[in-house]
Amino acid sequence: MSNTSEFDGNGIELEVRSKEAAARGVAVLTLARPDSGRLPDWTPGAHIDLALPTGQVRQYSLCGDRWDPCAYRVGVLREPGGRGGSAHIHDELAVGERVTAGGPRNNFPLVPSPRYLFIAGGIGITPLLPMVHQAHILDADWHLLYGGRSRASMAFLDELAPHGDRVSVVPQDERGLPDLAAALGWAGPDAKVYCCGPEPLLAAVEEACAERPPGVLRTERFVARDQGAPVRGEPFQVELARSGRTLTVVPGQSVLRAVGEAGANVLSSCRQGTCGTCETGVLSGTPDHRDSVLDDDERAAGDRMLICVSRAVSDRLVLDL
Amino acid sequence: MDTTAVLPTDDTDPFSPSVLEDPAELHARLREAGPVVHLTRHDVYALSRHEHVHAALRDWQRFQSAAGVGLSNFRYEEPWRPPSLLLEADPPHHDAPRAVLSGVLSPRALRSLRGRWFAEAEELVDQVLADDEFDAVPSLAQAFPLRVFPDAVGLPRQGRENLLPYGDHVFNAFGPDNALVARGRPGLGEVSAWINAQCRRETLDSAGFGARIWSAADRGDITHEQAPLLVRSLLTAGVDTTVHGLAAVLYAFATHPRQWDLLRRDPSLARMAFDEAVRWESPVQTFFRTALTEVEIGGTVIPDGKKILMFLGSANRDPRRWSAPDAFDLERDPSGHVGFGMGVHQCVGQHVARLEAEALVTALARRVERLELTGRPRRHLNNTLRGWESLPVRVTRT
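Here the protein sequences come in this chain order: A and H. Under this note's numbering, the residues of the first sequence are numbered 1 to 321, in order. Under this note's numbering, the residues of the second sequence are numbered 322 to 719, in order.
Note that these hints are calculated values from the structure, not bench results. Don't take every hint at face value.
[Said to hold, decoys possible] Covered stretches of chain H, going by a simulated chain A footprint (3 or more residues, C-beta under 8 angstroms):
hint	stretch
1	392-400
2	411-422
3	426-435
4	502-516
5	591-601
[To be verified] Examples of chain A residues toward chain H, derived with CB under 7 angstroms:
hint	residue
6	G37
7	D41
8	P69
[As the list claims (entries may be wrong)] Over the 12 angstroms line for every Cβ pair with chain A, so calculated as not near, a few chain H residues:
hint	residue
9	R533
10	S656
11	Q671
Owing to the predicted nature of the structure, the values given are computational and were not obtained by experimental measurement. Think of the CB as a built atom: it goes at the ideal place given N, C-alpha and C, for glycine as much as any other residue.
In isolation and in its complexed conformation, chain A is listed as follows (with noise of 0.2 angstroms):
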């Protein structure tokens, strides 16, 4: 039987299990809970967070086996430029290391279709990844058009050989870019069209498919969000505001257990970030979001959090409680 406990603490606490070099600047890590337990669930597409020792928060899509439900893969690029969070995960991060996550949240999920044109540039091969494993289990028909830059930074090219002339890897070294109205004329006007890569990539899909319905091109983006300040590895402080009660939230714990060790207690359900429940209203301060639920319009908004994975960035949090 999997492990049944629930976080709480900070997000999900990850230990890195392996670290490989999947292609050239292009680091595989697999990451499971110290103790081996069952991970949040997650679909194709989908993407954690991972706060690293650096203080810095970056988004991963998650491209390993969504049947191993206690482990989790994600691809990283070295940016350019050498600095950050990838570096740093190049450099430093080792096995047995342990890295703070924010739960897996959907904004590229894969939609029913009788067939998909899958387009990823470099890194962007990522989240298509587990959308062509599952394409393949649906027995839908689809075609992977992937570009790189050599065939020798491209990942996971061994792991997408055995599907054959279903996937075309084209590295620019040797056959230029990729021949996308080729790859759209295959598509006809029934598939659906997921592209993840380098901006110029989505740029040209975006164009050559700006006649066909909305929602048949489904897009993801890589973009350094800037998280505002990095995250907190230090005690806050937080106001209920209908007591007038404040307390203190120390690491490893989570803003859901002070507050009802405060005698405010606030329903919850799951206690990883996934049902919603304990959602509560944010009347000042910044919240540090790691649930799997708000979007991004919400976090952005900041007036309400999931208090059994959430935390601060502020000093303070001021909790309608």
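Since the structure of chain A is already known, use the hints to place chain H on it.
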């Protein structure tokens, strides 16, 4: 090790009228017997402790739903209706319909309903409290969901009386083909035809949950073939369950006056009270899964393809998880109960149910000083649901 030698067995029929009337004794016996008990009457494997029910609910990789979440095994038997896209499906087929309905019924989608539902609850409570004595099941537990939910879905007024019988039959049909199922069968054709007609786009009001499901199909998030089945899920699982949940919280308060006083002093406990009642009574008592492979639980191996019966009601009263589990107690934290399930199949309408309950309980707390039973309450027997047919009460107004 010879696992079959240690597997406890029990020949009780968990769907017999006497067990449905009061399952506590069976639950206690199963929990004590071991993590897994073979129920010989139906050749199913029972889980009754919180730890194992909770784990099985989350483990969709090994505990299959697509072979049916009732006793019937779709590997060998034809389902009596087209299977649900949610309840009777596994990932990856489950993903897209679930994502759509989760969005339609999300807390953010419900925010605009909150004010209206609180006002409707006040209005209903005012009407009902014209009398000092009434039956709380039809007057409140049924009346309130039937007033607000079909409007929110966008159903026409006519024919709504079909909703309760349809849900009742679907939940009976998860059990064996017993007298309860037979009782629902004669009128089923007509009721089903009405339900299916309500799932069509033309029938649904353009502002409701149903129309939003159809819009999702227009965006391509689900197919147009899936849309009516997803609307059907709302109509199947959205009414009877809430009715029995509300009846549970009303019964709990009518029999626990001190808890009613606590609520009246602090009406913000309404939300917590509903979940505590859901834990305490477990309106959805059971669901089945099917072993997708050989599944090992607590030293016992369940063979591939066998049905697994999860006793949610027993898990919610397991003394290994809850202190004084049989007490209805607003001062406990009921979080983590499995009354709404857990994991990818967790009740997608849980936020709707909680909002309905919060509205009704809050309105009652404002107007009612004392709530007490005036006669013997009568159970409504169902193979899956635990509910009341009748709760005769007397109220003292504030």
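Open item on the list: Can you confirm whether chain A covers the stretch 392-400 of chain H, using C-beta to C-beta distances below 8 angstroms and requiring at least three such residues?
Closed with: This one is violated; 0 residues, fewer than the three required, reach chain A with a Cβ under 8 angstroms.
Open item on the list: Please check whether the beta-carbon of H/Q671 is more than 12 angstroms away from every beta-carbon in chain A.
Closed with: Non-interface label fails for H/Q671: nearest chain A Cβ at 7 angstroms, not farther than 12 angstroms.
Task: Proposed interface contact between A/P69 and chain H, which counts if any beta carbon pair is under 7 angstroms - done: holds, 6 angstroms
Task: Stated coverage of the stretch 502-516 of chain H by chain A [criterion: 3+ residues, CB within 8 angstroms] - done: As far as the stretch 502-516 of chain H goes, the hint is violated, because 0 residues have Cβ atoms under 8 angstroms from chain A.
Open item on the list: Hint A/D41 vs chain H: min CB-CB distance below 7 angstroms?
Closed with: holds, 5 angstroms
TODO: Against chain H, run the beta carbon of A/G37 and see if the smallest gap drops under 7 angstroms.
DONE: violated, 10 angstroms
Open item on the list: Taking beta carbons only, do three or more residues of the stretch 411-422 of chain H come closer than 8 angstroms to chain A?
Closed with: Contact hint for the stretch 411-422 of chain H vs chain A: holds, 6 residues under 8 angstroms.
Task: Distance rule for H/R533, whose beta carbon must clear each one in chain A by more than 12 angstroms - done: Its Cβ never comes within 12 angstroms of chain A, the nearest being 15 angstroms, so this holds.
Task: Given as non-interface: H/S656, partner chain A, CB spacing beyond 12 angstroms - done: It is violated; H/S656 is separated from chain A by about 4 angstroms at its closest Cβ, not greater than 12 angstroms.
- [ ] Verify the coverage statement for the stretch 591-601 of chain H against chain A, using a C-beta to C-beta distance below 8 angstroms and requiring 3 or more qualifying residues.
- [x] n = 3 at 8 angstroms, threshold three: holds.
Task: Within 8 angstroms of chain A's CB atoms, at least three CB atoms from the stretch 426-435 of chain H: coverage verdict - done: holds (count 3)
Violated hints for the displayed structure, listed by number in ascending order: 1, 4, 6, 10 and 11.
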